[in-house]
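Asks: Sequence:
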Amino acid sequence: MTKRYTVTAALPYANGPLHIGHLAGAYLSSDIYVRYLRLMGKDVIYICGSDEHGAAITIRAKKDGVKPKEIVDRYNAQIKQTFEDLGVSFDIYHRTSEPIHHETAQEFFTNLLKKGEFTQKTNEQYYDESQNQFLADRYIKGTCPKCSYDAAYGDQCENCGSALSPTELINPVSTLSGNTPVLKETTHWYLSLDKHADWLGEWINTGQLDGKQHHDPKEWKNHVLGQCRSWVGDLQPRAMTRDLEWGVDVPQDIPGSEGKKLYVWLDAPIGYISATKQWALDNNKDWEPYWKDKDSKLVHFIGKDNIVFHCIIFPAILKAAGGYVLPDNVPANQFMNLEGDKISTSRNWAVWGHEYLEDCKDSIVNHVDVLRYVLIKNMPELKDSEFTWGNFQELNNTDLVGKFANFINRVLVLTNKYYEGVVPDFDASLSIAGSEEEGSTSSYQEELNRLHHRLEELGKLVEAYDFRGGLKALIEIASMGNQFLQFNEPWKLVKTDPETVKVVMNLALQIVGALSVVSQPFLPFISAKLRDLLNLSALENGDLEHLLDDLKAGKAVLPKGSSINKPEHLFTRIPDDVIQQQIDKLEASKVQKVSYEPLKDEITFDDFTKLDLRTGTILEAEKMPKAKKLLKLKVDLGFEQRTVVSGIAEFYKAEEVIGKQVVLLANLAPRKLRGVMSEGMILMAENAQGELVFVSPQDGFGNGFTVR
RNA sequence: GGCGCGGUAGCUCAGCUGGUUAGAGCGCAGGAUUCAUAAUCCUGAGGUCGGCAGUUCAAGCCUGCCUCGCGCUACCA
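One rule links them: number in my numbering = place in the first sequence (from 1) + 6.
Everything labelled a hint here was simulated from the structure, so no lab data went into it. This structure is a prediction, so every number in the text was calculated from the model and none was measured. Note that CB positions come from ideal geometry on N, CA and C, so glycine has one too. Hints should not be assumed to be uniformly reliable.
List of simulated lysine to any residue pairs, SDA-like, C-alpha gap at most 20 Å [unchecked claim]:
| hint | residue 1 | residue 2 |
| --- | --- | --- |
| 1 | 558 | 463 |
| 2 | 409 | 420 |
| 3 | 659 | 626 |
| 4 | 535 | 547 |
| 5 | 640 | 658 |
| 6 | 409 | 384 |
| 7 | 409 | 492 |
| 8 | 629 | 690 |
| 9 | 190 | 219 |
| 10 | 629 | 698 |
| 11 | 310 | 350 |
| 12 | 227 | 312 |
| 13 | 423 | 574 |
| 14 | 423 | 571 |
| 15 | 566 | 434 |
| 16 | 389 | 345 |
| 17 | 224 | 235 |
| 18 | 298 | 219 |
| 19 | 558 | 420 |
| 20 | 325 | 239 |
| 21 | 310 | 341 |
| 22 | 86 | 19 |
| 23 | 303 | 219 |
| 24 | 591 | 368 |
| 25 | 561 | 640 |
| 26 | 666 | 628 |
| 27 | 325 | 198 |
| 28 | 310 | 237 |
| 29 | 572 | 425 |
| 30 | 201 | 217 |
| 31 | 367 | 592 |
| 32 | 478 | 374 |
| 33 | 48 | 554 |
| 34 | 389 | 347 |
| 35 | 121 | 109 |
Okay, the calculated beta carbon distance ranges per label pair [claimed, not checked]:
| hint | residue 1 | residue 2 | range |
| --- | --- | --- | --- |
| 36 | 565 | 470 | 31 to 37 Å |
| 37 | 239 | 594 | 45 to 51 Å |
| 38 | 71 | 228 | 44 to 50 Å |
| 39 | 217 | 261 | 36 to 42 Å |
Assemble the whole structure, with the sequences as input and the hints as a guide.
Replies: Below, the structure is given as structure tokens:
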């Protein structure tokens with residue numbers, strides 16, 4: 007029996023604002039879940055906060071010429087505000103830069119160290135001698151080995167998107183000093199994940215933990231299980247520390263800790279725990295039951311990029327630390343696309359939360375709930391999904407205005423018209439038309455049961471993390487109401503049978519009353535407004551549970567004789583021009599800037615003459631096995647033939663490059679690629695999209711001649 | 001290249017452990033209605049369930065191969 011729930015939402019990284027992909031990924035889903043649990047009277051804590059450490063923030067700070075603290079302060083404040091404005095109801099929004107977090111993370115480190123969970127390993131990493139420090143991946147730039155982009159970072163090439171390790175870069179340069187870094191030995195602590203492989207495998211596959219049933223893996227999403235299974239087969243020790251300057255220190259009393267910081271694995275997720283501690287302090291509560299009591303259900307809401315982190319590494323850390331509960335479920339969402347393209351921060355292809363809030367606050371009625379509705383409706387629960395402004399408008403106009411708000415409006419208007427806004431008394435023995443089938447006969451009690459059943463079904467969907475299903479069920483309740491009115495036609499009946507109309511209208515009001523409760527997890531602002539219209543008090547924890555009990559007992563939501571207010575349009579149609587503005591804004595960001603690479607430092611003619619460039623012709627070409635981007639070429643230089651491995655396979659098929667005339671950098675040191683010695687480099691031009699094209703001499707020009 | 005997850009009506013998606021004529025919403029067509037924000041309600045048309053082969057009495061659901069999308073991963077100038 008679950009006594010309490012600990013719900014976490016992925017910690018946003020504090021180096022940029024939130025966009026709709028974030029919201030649809032982890033925050034709206036968790037918010038619905040938590041709001042629902044609260045309405046059901048559960049003990050639940052909802053945790054989030056900013057992840058404020060790491061190299062990306064330091065780099066950003068250097069670029070802006072400010073201290074890292076300034077960056078994280080700025081974005082923490084902005085992100086926190088966006089969440090608040092969107093009604094995301096965290097119990098605490100914390101920060102990993104807080105002292106309580108540093109202490110908590112360090113305790114974990116010390117604890118794991120004592121328990122022998124770490125092994126120390128030494129390897130070679132780049133070191134900037136002029137700065138006397140090791141270089142984090144992001145501090146190293148160089149030429150991308152894949153696409154030859156010459157400003158790739160040590161962990162990733164932003165041009166071609168491929169993940170890199172610093173030692174792969176060609177001509178690595180320290181971004182701190184501009185010097186060429188040297189490889190130097192460094193020692194780090196590795197968590198021996200391999201030792202945890204057995205129980206992790208069993209836990210993931212069967213849900214068994216320490217011989218007991220911990221959770222039902224069938225309740226986990228396919229893509230989450232699949233991703234986990236592909237990892238548990240081959241678990242390697244993972245470094246838990248890094249040579250960084252901005253983060254949580256490895257505890258000072260540990261030998262060799264100097265200059266070492268905890269890596270994100272041992273930093274960010276522990277932020278959930280330190281945030282809980284802070285919340286407990288603020289509210290005079292005990293944090294431990296939420297993380298250590300067997301009757302606590304831990305649920306992590308994340309995006310799919312975080313699956314391995316939350317399903318393998320963090321559980322291993324918790325289990326190794328001892329005494330902690332493991333997640334009951336990790337309902338990770340996939341990604342949301344925007345107007346047919348991936349959301350991209352660097353390309354500014356996104357709808358930003360704070361911008362939407364500002365842009366639409368006057369032009370769209372209840373703009374926050376509209377956005378929530380559309381994002382939930384298109385939530386990427388099982389596969390990548392799509393957000394388009396056209397769909398946004400359509401959903402608002404059909405579902406929210408046409409079905410939901412319109413039903414409520416009809417009921418309120420009729421009640422005001424017929425009964426001066428007072429919930430009518432009625433004769434429960436009179437028969438009315440049923441809401442589910444045209445021409446069916448039903449009764450007040452029967453319809454109340456039906457409502458009860460619908461609410462229960464909606465709850466089950468939410469409990470199963472099917473939030474789109476829950477949202478659909480919500481709208482269907484309004485649709486049921488519309489049908490109910492349509493089948494009973496009170497506007498006609500009122501002329502011949504006013505007593506039956508009272509039954510109909512009272513029941514319709516009960517449906518509206520129920521909507522004011524059950525809509526709250528999805529559309530909190532509308533829910534509050536609706537409560538006002540109905541003269542009902544603000545919702546409190548347990549109110550949905552009470553509502554269900556009441557309905558089951560045949561009790562009404564709105565007591566007869568109580569009065570309601572004049573109707574107000576809860577949602578209104580969104581005109582085309584408002585949508586067009588948003589589309590135009592997005593399109594403008596698309597054409598915006600073709601970012602040309604900055605010119606390199608000046609060189610001398612002598613520097614240039616070091617290059618031996620030769621004309622050549624490709625004689626043979628074949629795809630490299632087991633490589634996506636490589637072609638193995640044989641190039642004729644007239645006086646000799648060279649084997650060259652070239653990363654152009656994504657743009658040219660082997661057969662179409664044969665016979666091509668090319669320019670070859672002929673005196674480049676040979677290098678082995680995928681086991682083949684590459685003797686030179688073919689010159690290619692590359693545009694902003696990373697597309698490659700040959701730089702060729704005029705056709706028919708001979709081979710082996712110099713280029714200068 | 002390896003691994004994982006997906007590819008179902010024009011659009012967005014449901015389809016439990018394989019089992020009667022494959023579903024919903026939107027859009028579209030026709031009709032009803034006016035209490036309501038031209039909203040609502042009813043009816044209807046629309047699908048080789050990515051492709052090919054196989055297992056089975058029976059496959060959208062199982063197996064193999066192929067193809068496309070997304071993600072992870074790989075000693076990939």
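Asks: Each hint: holds or not?
Replies: How the hints compare with the structure:
1. Taking the CA atoms of residue 558 and residue 463, the gap is about 14 Å. The hint holds against a cut of 20 Å.
2. The straight-line distance between the Cα atoms of residue 409 and residue 420 is roughly 16 Å, inside the 20 Å bound, and the hint therefore holds.
3. Between residue 659 and residue 626 the alpha-carbon distance is near 12 Å, which keeps this suggested pair within the 20 Å criterion.
4. Note on residue 535 and residue 547: the hinted pairing holds, with a Cα-Cα distance of about 18 Å set against a maximum of 20 Å.
5. In summary, the hint linking residue 640 to residue 658 is supported, as the alpha carbons are separated by about 15 Å, within the 20 Å threshold.
6. Taken as a hint, the residue 409 and residue 384 pair is honoured in the structure, with Cα atoms around 18 Å apart against an allowance of 20 Å.
7. Annotation: proposed proximity of residue 409 to residue 492 holds, straight-line Cα distance about 13 Å (limit 20 Å).
8. Taking the CA atoms of residue 629 and residue 690, the gap is near 18 Å; set against the 20 Å cutoff, the hint holds.
9. Distance restraint check for residue 190 and residue 219: the Cα-Cα separation of roughly 48 Å exceeds the 20 Å cut-off, and the hinted pair is therefore not satisfied.
10. Straight-line distance between C-alpha atoms of residue 629 and residue 698 comes to about 17 Å, which keeps the hinted pair within the 20 Å bound.
11. At roughly 16 Å between alpha-carbon atoms, residue 310 and residue 350 fall within 20 Å of each other, so this suggested pair holds.
12. At most 20 Å may separate the alpha-carbon atoms for a hinted pair to count; residue 227 and residue 312 meet this at roughly 14 Å.
13. Annotation: proposed proximity of residue 423 to residue 574 holds, straight-line Cα distance about 14 Å (limit 20 Å).
14. Distance hint between residue 423 and residue 571 is fulfilled; the C-alpha atoms sit about 12 Å from each other, no more than 20 Å.
15. The suggested pairing of residue 566 with residue 434 holds, with an alpha-carbon distance near 12 Å, which does not exceed 20 Å.
16. Between the alpha carbons of residue 389 and residue 345 the distance comes to roughly 16 Å, so the proposed pair stays at or under 20 Å and holds.
17. In summary, the hint linking residue 224 to residue 235 is supported, as the alpha carbons are separated by about 14 Å, within the 20 Å threshold.
18. Restraint check: the Cα-Cα separation between residue 298 and residue 219 comes to about 17 Å, which is no more than 20 Å; the hinted pair holds.
19. A distance of roughly 27 Å separates the Cα atoms of residue 558 and residue 420; the hinted pair therefore is violated under the 20 Å criterion.
20. A distance of roughly 19 Å separates the Cα atoms of residue 325 and residue 239; the hinted pair therefore holds under the 20 Å criterion.
21. Taken as a hint, the residue 310 and residue 341 pair is honoured in the structure, with Cα atoms around 7 Å apart against an allowance of 20 Å.
22. Of the supplied pair hints, the one linking residue 86 and residue 19 holds, its CA atoms being roughly 12 Å apart against a limit of 20 Å.
23. Of the supplied pair hints, the one linking residue 303 and residue 219 holds, its CA atoms being roughly 13 Å apart against a limit of 20 Å.
24. Of the supplied pair hints, the one linking residue 591 and residue 368 holds, its CA atoms being roughly 17 Å apart against a limit of 20 Å.
25. Distance hint between residue 561 and residue 640 is unfulfilled; the C-alpha atoms sit about 84 Å from each other, more than 20 Å.
26. Distance restraint check for residue 666 and residue 628: the Cα-Cα separation of roughly 14 Å lies within the 20 Å cut-off, and the hinted pair is therefore satisfied.
27. For the suggested pair residue 325 and residue 198, the alpha carbons sit about 13 Å apart, so the restraint of at most 20 Å is met.
28. Taken as a hint, the residue 310 and residue 237 pair is honoured in the structure, with Cα atoms around 14 Å apart against an allowance of 20 Å.
29. Using a Cα cut-off of 20 Å, the hinted pair residue 572 and residue 425 holds, with the two alpha carbons roughly 12 Å apart.
30. Restraint check: the Cα-Cα separation between residue 201 and residue 217 comes to about 18 Å, which is no more than 20 Å; the hinted pair holds.
31. Simply put, residue 367 and residue 592 have alpha-carbon atoms about 18 Å apart, close enough for the 20 Å limit, and the pair holds.
32. Of the supplied pair hints, the one linking residue 478 and residue 374 holds, its CA atoms being roughly 18 Å apart against a limit of 20 Å.
33. Restraint check for residue 48 and residue 554: the C-alpha separation of about 15 Å stays at or below 20 Å, so the hint holds.
34. With a CA separation close to 15 Å, the supplied pair residue 389 and residue 347 stays within the 20 Å bound.
35. The straight-line distance between the Cα atoms of residue 121 and residue 109 is roughly 18 Å, inside the 20 Å bound, and the hint therefore holds.
36. Distance hint check: the CB atoms of residue 565 and residue 470 are about 33 Å apart, consistent with the given range 31 to 37 Å.
37. For residue 239 and residue 594, the hinted distance range of 45 to 51 Å is satisfied, since their beta carbons lie about 47 Å from each other.
38. Residue 71 and residue 228 have their C-beta atoms about 47 Å apart, which keeps the hinted 44 to 50 Å range intact.
39. Checking the proposed 36 to 42 Å range against residue 217 and residue 261 shows it holds: the Cβ atoms sit about 38 Å from each other.
This entry does not satisfy hints 9, 19 and 25, going by the numbered hints stated previously.
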